[in-house]
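Engineer: Line by line, the protein sequences give chains G and P.
Last residue of the first sequence: 177 in my numbering, with the numbers rising by one and none dropped.
Last residue of the second sequence: 544 in my numbering, with the numbers rising by one and none dropped.
Hints are not guaranteed to be accurate.
[Said to hold, decoys possible] A short, non-exhaustive set of chain P residues, derived as facing chain G with CB atoms under 10 Å:
1) 105
2) 106
3) 212
4) 256
5) 279
6) 303
7) 359
8) 360
9) 427
10) 447
11) 457
12) 460
None of these hints come from the bench; they were simulated from the model.
We put the beta carbon where it would ideally sit given N, CA and C, even for glycine.
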Amino acid sequence: MQSTEFFFGVRDMVLEEWVNAIFNTYPFQTTGFLRTSKDPFANPVADMTREAASTVYEAVSGWDKKPSEVRQAIDRFIHLRAVQDFLPSQAMLVFYLLKPILRKHVMPAMQKAGKLKDYLDAESRLDTIVLLGFDMYTKSREVVAQNRINEIKNQHAQLVRWAQRVGGAPQLDEGQS
Amino acid sequence: MAKLPTPQELVANRPAFPAEAWLETKPKFVPGSYCYPAKKETMEALHMPHPHEWDPAADDWQLPENWEKILCDAFEDRLKKHRSLKLFMDICVRCGACADKCQFFLGTNDPKNMPVLRAELLRSLYRRDYSMLGKILGKKIGARSWDYQTVKELFFYAYQCTECRRCSLFCPYGIDTAEITAIVRELLHEVGLGLHWIMDPVKNCSYTGNHLGIKPHSYVEIVEMLADDCEDIVGVRPKTPFNERGHEILFICPSGDVFADPGIYTFMGYLILFNELDLDYTLSTYASEGGNFGSFVSFNMAKKLNAKMYEEAQRLGCKWILGGECGHMWRVINQYMDTYNGPTPSNMTTPVSPYTGTVFKNAASTKMVHIAEFEADLIRHNKLKLDPSRNDDLICTWHDSCNPARGMGLLDEPRYVLKHVVNHFYEMPENTIREQTFCCGAGSGLNTEEIMELRMRSGMPRGNALRYVQQKYGVNRMACCCAIDRATLPPLADYWAPGVTISGLTELVANALVCKGEHKRTVNLRQEDLPHLDEEEPEGNEGE
Chain G
1 MQSTEFFFGV RDMVLEEWVN AIFNTYPFQT TGFLRTSKDP FANPVADMTR EAASTVYEAV
61 SGWDKKPSEV RQAIDRFIHL RAVQDFLPSQ AMLVFYLLKP ILRKHVMPAM QKAGKLKDYL
121 DAESRLDTIV LLGFDMYTKS REVVAQNRIN EIKNQHAQLV RWAQRVGGAP QLDEGQS
Chain P
1 MAKLPTPQEL VANRPAFPAE AWLETKPKFV PGSYCYPAKK ETMEALHMPH PHEWDPAADD
61 WQLPENWEKI LCDAFEDRLK KHRSLKLFMD ICVRCGACAD KCQFFLGTND PKNMPVLRAE
121 LLRSLYRRDY SMLGKILGKK IGARSWDYQT VKELFFYAYQ CTECRRCSLF CPYGIDTAEI
181 TAIVRELLHE VGLGLHWIMD PVKNCSYTGN HLGIKPHSYV EIVEMLADDC EDIVGVRPKT
241 PFNERGHEIL FICPSGDVFA DPGIYTFMGY LILFNELDLD YTLSTYASEG GNFGSFVSFN
301 MAKKLNAKMY EEAQRLGCKW ILGGECGHMW RVINQYMDTY NGPTPSNMTT PVSPYTGTVF
361 KNAASTKMVH IAEFEADLIR HNKLKLDPSR NDDLICTWHD SCNPARGMGL LDEPRYVLKH
421 VVNHFYEMPE NTIREQTFCC GAGSGLNTEE IMELRMRSGM PRGNALRYVQ QKYGVNRMAC
481 CCAIDRATLP PLADYWAPGV TISGLTELVA NALVCKGEHK RTVNLRQEDL PHLDEEEPEG
541 NEGE
């Protein structure tokens, strides 16, 4: 039996437990709503979470996934966590919530079959994904900061241009008629 | 040995069952979660009640000593004045239909951002004083007393609502949570609590007519500068009539279109279009603002700021007003203007398009026509020569700005125009457009940079839908007809769908508009190269 088969036998169960563990990071009254609707636009948080969880699980299991595919799958999810009301650690640790679930449902069987090393490799792949995600998290925060700066500039863009024109600002107005 | 926490322990930011009921769980004021407060001198200049310095993050908000009485009296006053408010307080059955319709709830997942619960913050106070059961049973049926924390809570959530009215669309009773938010904001102003981002534009509008407080001569010079740009691009310098008497039409648009990127391209679009039509119109330096931040403060303030439109139409002797691409301006016009400032001056008449003869009966009472209606009518009657291929580098989608869409039902006209000026148009998913459109997440005076993070999560449902069409159809431009959208959607798109740019409708119209006497156009209004430049021109209309 190949290593990936150990993961795929329990895929739905593990994913459900993991996704619920992620939903549990939100306020209690909200958790129920996140579980209900599957519409990607009426319930975007749940959709983003499921999309990320499913691809991450496949990548961890050892399916052939390029970093770009994983990045794309977790992109919306990371963007979301990066602006929600979480500490950076709380935003990112949801990936690690998968580990205890895997140790409960997958590790014992693999250990029994003498494939503990393969299991540990899978956990290491999760570590790598978290690092990929951390890059994206940081980038997201930088975009937010940059957007604040851009917004301040844009609000007065025409005023500045006008002031440069009438106030004898030092720049050369090349090409202006 | 020190024990490091596990990931589970790190995330345990809430117990499995909260120790306190929702009414007892209070918001935390941390930077990024609230907007900066209005300055004392701004509030003084506007004669607002109890102007004072205060800090939302501080324990003491320096409220007046008798704040509870002030708030109770003000609430009673509003209940007497607005029958709708009393109805909204009594009628909710807490069915939850609105709960998951708010973009703030979807983005923050904070239960108090469910419209029902946001309204319940006020309703719980109402219940104590105005319902028999509440008086007797108190907390048991969700009634509570005013206290300092309640005031803070009302402030926190009244400014996490953009008054977009998406929730009211789904309410079987038609409860308009936006009006409840508006009332809560009014009440808070009674004890001197307001936002800098709202009150500063209100003050500027009161003194100079526009949000940035630009004086008339500067306003004119900036418009002249934009007209120069139009000349560079089109080869024809548009007229810029200001404060001229005796024209048929007064044109009023949000000042954001004059001062801020990318709104200026929409303004240049207006100038080019009106010049091509040789429209009998004037701009005004007095009514130099269509937007009305007063509507985010109180009904009285909205009325005061809105009055300049009719005043100016009367002074200049204009028959009707053409309005630019603004959001809340149209909500005010469509829902409140008659009551605020009506009836219209006697010189004004029901708008009739001078080119098509179309009578805008829908504007018979306000005498104000939306530019999208005006343009759609022109296109319908074949009055504009359009070359949509000039916009071929754009794959467009349309964002229904909440106020024109839900506040006045402007759904099909802008789409009609857009489809005639671009060749590539794709709708976002059905439950995110038209009446069900998601707000930009920063309307109603929340478009300030200090809450950028909050805006990114409240705008997430819109960003998510935009990203979907970006990936599916390659959409790279989202058009809209609201100046606040044009300011708030660029950062939202940068965050959720990088690569998508934002523009107004008339910018795209002017790109496609073939003007009389224009030179060979090589760039669009943003001075970017036009597509198909290498190909042969179908017709040479070089020179004069």
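Engineer: Look at each hint and say if it fits the structure.
Structural biologist: Checked hints:
1. Nearest Cβ of chain G to the Cβ of residue 105 of chain P: about 8 Å, under the 10 Å cut. The hint holds.
2. Annotation: residue 106 of chain P was flagged as interfacial toward chain G, and the flag holds, the nearest CB pair being 6 Å apart, inside 10 Å.
3. For residue 212 of chain P, the shortest C-beta to C-beta distance to chain G is roughly 7 Å, which falls under 10 Å, so the interface hint holds.
4. Taken as an interface hint, residue 256 of chain P checks out: its beta carbon lies about 9 Å from the nearest beta carbon of chain G, inside 10 Å.
5. The criterion of a C-beta within 10 Å of any C-beta in chain G is not met by residue 279 of chain P, whose closest approach is roughly 23 Å, and the hint is violated.
6. At its closest, the beta carbon of residue 303 of chain P sits 27 Å from a beta carbon of chain G; the interface hint therefore is violated under the 10 Å criterion.
7. Given hint, residue 359 of chain P at the interface with chain G, is violated; its Cβ is 37 Å from that chain's nearest Cβ, farther than 10 Å.
8. Violation of the interface hint for residue 360 of chain P is found here, the shortest Cβ-Cβ separation to chain G being roughly 31 Å, above the 10 Å cut-off.
9. A hinted interface residue such as residue 427 of chain P counts as satisfied when its beta carbon comes closer than 10 Å to some beta carbon of chain G; here the least separation is about 12 Å, so the hint is violated.
10. Against a cut-off of 10 Å between C-beta atoms, the interface hint on residue 447 of chain P holds, since the closest Cβ of chain G lies about 8 Å away.
11. A cut of 10 Å between beta carbons decides the hint on residue 457 of chain P: the least distance to chain G is about 5 Å, and the hint holds.
12. Proximity of residue 460 of chain P to chain G holds as hinted, the smallest CB-CB distance being about 6 Å (cut-off 10 Å).
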